[in-house]
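Trainee: Here is what each chain is made of, one letter per residue.
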Amino acid sequence: MASDLSKYLDPKTLTKIGGLDLKARLIVEGYISGHHKSPYHGFSVEFAEHREYTPGDDLKHLDWKVLGKTDRYYIKQYEEETNLRSYILLDTSESMKYASPGNVSKLEYACYIAASLSYMLVRQQDSVGMVLFDNGIKKFIPASASPAHLRLLLHELANVVPDQRTDIGTIFHDLAERIKRKGLIVILSDLFDDPEKLLFGLQHFRHKRHEVIVFQLLDDFEIRFPFDQMTLFEGYEGWQELLCDPRALRNAYLNEYEGFSERMKRGCRNNKIDFLPVNTKNPLDVVLSAYLATRLNSKFK
Amino acid sequence: MFAWLQAFFANPAILAGASAGAIPVVIHLLNKQRFKKVVWAAMHWLWAAQKKASRRQRIEQLILLLIRILILVLLAMALARPALQEGMGLLAGRTSVYRVIVLDNSYSMGHLVGGQPLFEKAKELALQLVDKLNPGDEVDVLLVNSAAEELTPSNALKHDEVKRDIKAATISDGTTNLPRGIAAACRLINDRKSRNLRKEIIVLTDRTRSGWETGGQPKKLDTNEEEQVAKAFEDPKTKPKIWIARIAGGDNKENLVAANLEVDEKVITARVETQLTATFKNVGTQTANRVPVTLTVDGERVAREEIPVLEPLKPQNVIFHHTFADPGSHALSVQIEPDLLPNDNAAYLAVDAEDQVKVLCVDGQQRVTPMQSELDHFRQALSPSMAKEAGASRLPLYTEAISDGALPDANLDNYRLVVLGNVALIPSEKIEAIKQYVLKGGSLWIFLGDRIDPAIYNKDLGALLPSLIGEAVGSGDHEGAFEKLSDKDLDHPAISKFRNIKGLPLHELFVFRRFKLLPRPGEGKEKDSVRTVMAMENGEPVATEMRLGEGRVMLVGTTADKAWNNWAGAPGGQWVPLVNLIALDLINPDYLMRNRMVGEAFEYKLPQEIVSEARRQGLRLVTPSGEPIVMEIGVESFTAVSKPVSKAGIYTTELPGEKHPTIHFAADRNTEESDLDTIDDPEIRAYVPAAQGAPLEHGRFFETNITQDDIELTGDDYGGIEASLKKHSSGKEIWRYLVMMVLLLLVAESLLAQRFGDYTR
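These protein sequence lines are chains F and V, in that order. Following the numbering used here, the numbering of the first sequence begins with -12 at its first residue and continues without gaps. Following the numbering used here, the numbering of the second sequence begins with 5 at its first residue and continues without gaps.
Keep in mind that the hints were calculated from the coordinates and are not lab data. Don't take every hint at face value.
Quick list of in silico lysine to aspartate or glutamate cross-link-like pairs, EDC-like style, CA-CA up to 16 Å [claimed, not checked]:
1. F:LYS52 with F:GLU36
2. V:LYS56 with F:GLU245
3. V:LYS36 with F:ASP232
4. V:LYS36 with F:ASP215
From the derived model, a few chain V residues whose C-beta atoms are all more than 12 Å from chain F [to be verified]:
5. VAL43
6. GLU64
7. SER100
8. LEU225
9. ALA274
10. THR300
11. VAL477
12. GLY507
For glycine and all other residues, C-beta sits at the position ideal for the given N, C-alpha and C.
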């Protein structure tokens, strides 16, 4: 587990993030004292609902009565648990495996970001949950703020195996329904899906009054398409291979990329979603710092 | 097919390089085969791009491919040096031409047709050939007779100057050697380095047979000329083409010729009647009757004769008699009646009439008593009083006698003939002086005798002697055994007249004692020129003669007096004519050097006393047409030399000083050109092989790789010549345009490749 921590919690990255505390733009229920404005003015102990036990949940919240009656593990959920409730949605589809020579894969990069954010959020007493998905939800880890939960998250990140196609739009709808309490949704994906479907799913989150941050992770080669000789492109996720002269296709490809990027930016802006394209060639800390700075700025606007 | 290509391309073989146009296609296909594999995530964008771009991309690739193929094909075409043919409508054009016009100006071109010489017609054609040239074309004109002369050197681009010089060109009195004219044209072509110029040699000639043949064989070129022709025709791509245009002379080939004029005696005596022999020929086909001929001396017609019948190919001699009233130089000519070729109707001769010809007699045994000295009988034979015995009305020879002791002080240059009679010893410095005297044209006559030591003579005078002096044979006893002179060997010109003189048999001349004359050792001109003048009946020579430089030496193996022979007292009186004939034959009159053939240079040995003055003033020769020619006087010699002359006739020069008036020179023509028989097309072709290396029965004009394909034979109408020239015109070369297109395509290819996204190329 220690090695897992060290793998994702790059001290250099975390040091820089530590200097720029995450400050939510929207007013969210439950802030850490001194940091967050809360509409509930203090801790609530009001029972909210039951939910099934998930490994990593604090046993002190186990509803022993229910266990006694039904022999099932249920957790009592209280309003006071909720400071900032964040969910990190990590795309583990096959296309995230791609890495240009000498570069880390998009999935690895996404894991770095996920781990960094989780650590930071947990340290702030915010609860963080995680969803691993491809063409379906592979793992749903409810949000929690305990250090043990953090280890669970990191463990899951360390064992991600990408192997399926993406169907992000549908999954976003599922998750929007499933994540009841409004909070912060951090999406880490290459977003290789139909932009309309994507935006529709994101709108669903917004409809549920979640704050949404979308990290679109792309490899440098996917942004620049720098190939210069006849190449046979073999696709992930069941795409048919293509033999072509990349030099002749470059402009058309870049047009496609920019068109998609522009559509997403515009759609996100309209829905007040933070859309952040990330080149996995760039340093991780720079990306995070830039994002946090953006959020801080937007808060004080 | 290949011939068709040859008509358009100078190097059609290089067209094979156009197959390089397949290289871009091959590269394209190879590239399709050679690719790298990449596992790729953003396939949806790639496929979308592919769907949108594939059609455009295919068109772009096709455009680039076509441009690249075109670049290579055009490059190969440019290297093959294509040319547009004349007469191709709007695209018509011509490559630059270097045209050498070989203009035959031998005297047969003076043949009158319709009152106009053929040469004028040839000049008109030449002017048209220059006129039709484009401004960038180059032209040279060669006047060809026995020599080839460039008419307007280094003005090949100035057509007006060339035309002006053609108009001013005159006919020569030389013969022709047209293969030589073609060789000279080849030399001009070789000197011109430009490979892009089309080369044409156009020969304008009347095609008289003598211009091409000598004795049924083609005229020969020297080694240097052969090399020039071989070099010009070395490269099949750049070799010239030869057109031989026949300037037609009409059907009338009748021609009467004044072939020759000569004097019977070399030494001409003033105030004595001289016999002249003129030779006339009829080189036509019809007999001419009652042909008047005249003799002109110093500009005055002095005699007129008539040849009753002058048959074709039978030369007729006409004898004239004339007495030169004054000593000195005289100009003579004979004329025959005018005909269609007027240039050969006169023959010329320049002579000197002598008052006195001085002979120095060096006597090895001089006595006071008359007729006792060694050379007394000899001098007596030459004295004017003996003219009657010598068969002459007056003898010009005048003898001066000195003893052998006085020889060292004698100035030999004052004498035409030096006679050594039994002179035992000659100082070595005088031997050298005698040698120089002979080399410069003097004559030496040596008699032997009892005072002669053969060993000393052979050693000291070796180089001067026509024969080595061997042992003495015979006792010398007039009552004893004797040998007779042979009557049979009378070939030497000095004594050949004895054949015709009856009653003067040479076998009546006895020799009682003589030195044997043995063949000279060594080789060279002198040895080759040694001839026997007189021989004994046993065939052994008793008198031999040879040329040495300009002069001659005669050696007699016996004495000049009666000591060893009976010659001076021969019963028939042979002695006087014998001595006179030999002496006159030995003497070389100066005027011989002043009679030359056209194409040769005149020489004149200046009298010693005027050399410095002549050097100071310069010596000018005035041609028959009145133009001056400078004669060069050698630094060390006293001989003035002119350049080779091209006109027949009398030339004159004025010597400085009052005592030395006009000197005449005469240039005569070689009359082989007078035969107007022409060589026709098949005969010319018969001297040129049909293919390289093919054998020819009667020899060939050029010992090189010229074939019949290189020669075109045409008539004399300009239209026909021009049509033939056009037929072989290779048109305008357009490789420069193709190279420019290649460059433009290269630029276009770069720009398009950049535009189509092929920026990593």
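Trainee: Now, for every hint given, state plainly whether the structure supports it.
Mentor: Checked hints:
{"no.": "1", "hint": "F:LYS52 with F:GLU36", "in the structure": "14 Å, holds"}
{"no.": "2", "hint": "V:LYS56 with F:GLU245", "in the structure": "15 Å, holds"}
{"no.": "3", "hint": "V:LYS36 with F:ASP232", "in the structure": "9 Å, holds"}
{"no.": "4", "hint": "V:LYS36 with F:ASP215", "in the structure": "13 Å, holds"}
{"no.": "5", "hint": "VAL43", "in the structure": "5 Å, violated"}
{"no.": "6", "hint": "GLU64", "in the structure": "7 Å, violated"}
{"no.": "7", "hint": "SER100", "in the structure": "47 Å, holds"}
{"no.": "8", "hint": "LEU225", "in the structure": "67 Å, holds"}
{"no.": "9", "hint": "ALA274", "in the structure": "110 Å, holds"}
{"no.": "10", "hint": "THR300", "in the structure": "100 Å, holds"}
{"no.": "11", "hint": "VAL477", "in the structure": "113 Å, holds"}
{"no.": "12", "hint": "GLY507", "in the structure": "121 Å, holds"}
The earlier numbered hints that this structure contradicts are 5 and 6.
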